[in-house]
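Peer 1: These are the residues of each chain, in order.
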Amino acid sequence: MNNFTPLASLAGGVLIGLAALWLLAVNGRIAGVSTILHGLVVQPSEDRAWRAAFVAGLVAAGFAWTLFASPNPPREGFSLGWAALAGLLVGYGTRLGSGCTSGHGVCGLGRRSLRSLVAVCVFMATGMIAVFISRHLLEIPS
Amino acid sequence: MRLSISAFGAGLLFGIGLWLSGMANPRKVLDFLDVTGAWDASLLLVMGGAVAVTFFAFPPLLKIKSLKFPKEIDWRLVLGAAIFGLGWGLGGYCPGPALTALANLSAEAFVFVGAMVAGGLFAKIAGIPGPGR
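Quick note, the sequences are listed as chains A and B, same order. First residue of the first sequence: 1, per the working numbering; consecutive thereafter. First residue of the second sequence: 1001, per the working numbering; consecutive thereafter.
Errors might be hidden in some of the hints.
Computed footprint of chain B on chain A, listed as stretches where at least three residues anywhere in the stretch have a Cβ under 8 Å from a Cβ of chain B [unchecked claim]: (1) 37-44; (2) 108-119; (3) 134-142.
FRET-style restraints, in silico, Cβ to Cβ [stated by the list, open to error]: (4) B/1063 with A/141: 42 to 50 Å; (5) B/1129 with A/4: 35 to 43 Å; (6) B/1064 with A/80: 45 to 53 Å; (7) B/1107 with A/3: 22 to 30 Å.
Quick caveat, the hints were computed from the structure, so don't treat them as lab data. Just so you know, even glycine gets a beta-carbon here, dropped at the ideal spot from N, CA and C.
So that you can see chain B by itself, here it is in the shape it has in the complex (with noise of 0.2 Å):
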């Protein structure tokens, strides 16, 4: 239950800082990913404040939390990667933000999320492992 708390907590946080920083707004997503349009580089900044966080709090925490990293760069890797950013420079969303935009009330951000889960039920059915973590 503590953890359950703790987890909600910590969804909120996460989603707060999603909209102060204009990520629930799919076009705000897509003027970053358009180079060669107007570019907007705010996304730049937000992935550039939470990396600043976790990248000097997170190597001594996982050095007490006992937590396995697959290393291993293949075409998994890869391919899964490039079809998620097709995905995303398509609509604007990404998991996150799609999951706080449902409060846009916008068919758009429910139809997208249904078809992400969709996409997720394809990936078990093809045989692709699920999550460790």
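Just chain A, same shape as in the assembly (with noise of 0.2 Å):
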């Protein structure tokens, strides 16, 4: 097993638990990252406000994270057409099957959803193939 970090990891994962069931308690809110960004840049709805917080909140996260500790340098070999590519994938899956891994992973499955848990069945077997094609068939470096 390559770079495991199974405490951090797991830390990292019950703050993002906390950081979703914040958002229910307090605003009613699902945190789910693809659907709270559509909502604000894509499709404004009239509740933008706590939309644009969440999502400054995030980015401002890894801001604070880089001051200090190192950012994680680019991929070399890894082209932008195919972060492109990836960005539109993600951008139009997310919209077709309405979540992310954030909406159907975190709070999908935390409300014993079927549903989101086929989406999340589906999503990671796709993206282990995606990986399987691109990294060991294509062989392009990421």
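With the hints in hand, could you dock these two chains into one complex?
Peer 2: As structure tokens, then:
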């Protein structure tokens, strides 16, 4: 096993769960990042303020963290074309499927939703297929 | 205003959790999905830790909140999740980590986020219903 970080990952996961709990308890909202972003940027609704604030917090966390730790360097040989294709698929797929790793994963599994469990199994499976194709068949460094 | 401050705090905590867990690094995400390579199980613990909280705390809370959730498992859900997974496995970013990874100040994160918004725009043009929650 490669670079396994069980304690930090478990602790980080608990913080993510607590953040989702916070947003549900105080704001009455589901912490589904793709849906929050879509409702902020692409399909603005009248409740943009909390969405903007959540996204700002998420982005600010990165800048706060990288004050103390080094950021992750870009991947050599990973082209921006791949990044663009990946982004398009994620943006479109999360709308068609109504959620991502946070909405269906963290929150949907927490709600004990069968629909979200199906989504999680499907995107985990196709994610593994995509990695097999890109890393092992096409040998794209990522 | 109070709700926005709360949402900012929740986003901040969510983001710190992503960094602490290593998920702001797309390589680490791909190492989890790379089951035939040098597999890194860390993401499983991230999801496990997060769901351990929500699995027990969400059901009683949802009883007092009036939120409606779709239940049907249809072709849209399955195809959408499949397309999302392909993009996730290709890039190593899903929406939350991508936004907080902007702090890496790498071109790939900015290109990914821009393309992700464009993908949502295509979905809107294609008439896929917007967010309910």
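Peer 1: With reference to the structure, classify each hint as holding or not holding.
Peer 2: Evaluated hints:
no.	hint	in the structure
1	37-44	holds (count 6)
2	108-119	holds (count 9)
3	134-142	holds (count 4)
4	B/1063 with A/141: 42 to 50 Å	holds, 49 Å
5	B/1129 with A/4: 35 to 43 Å	holds, 40 Å
6	B/1064 with A/80: 45 to 53 Å	holds, 46 Å
7	B/1107 with A/3: 22 to 30 Å	holds, 24 Å
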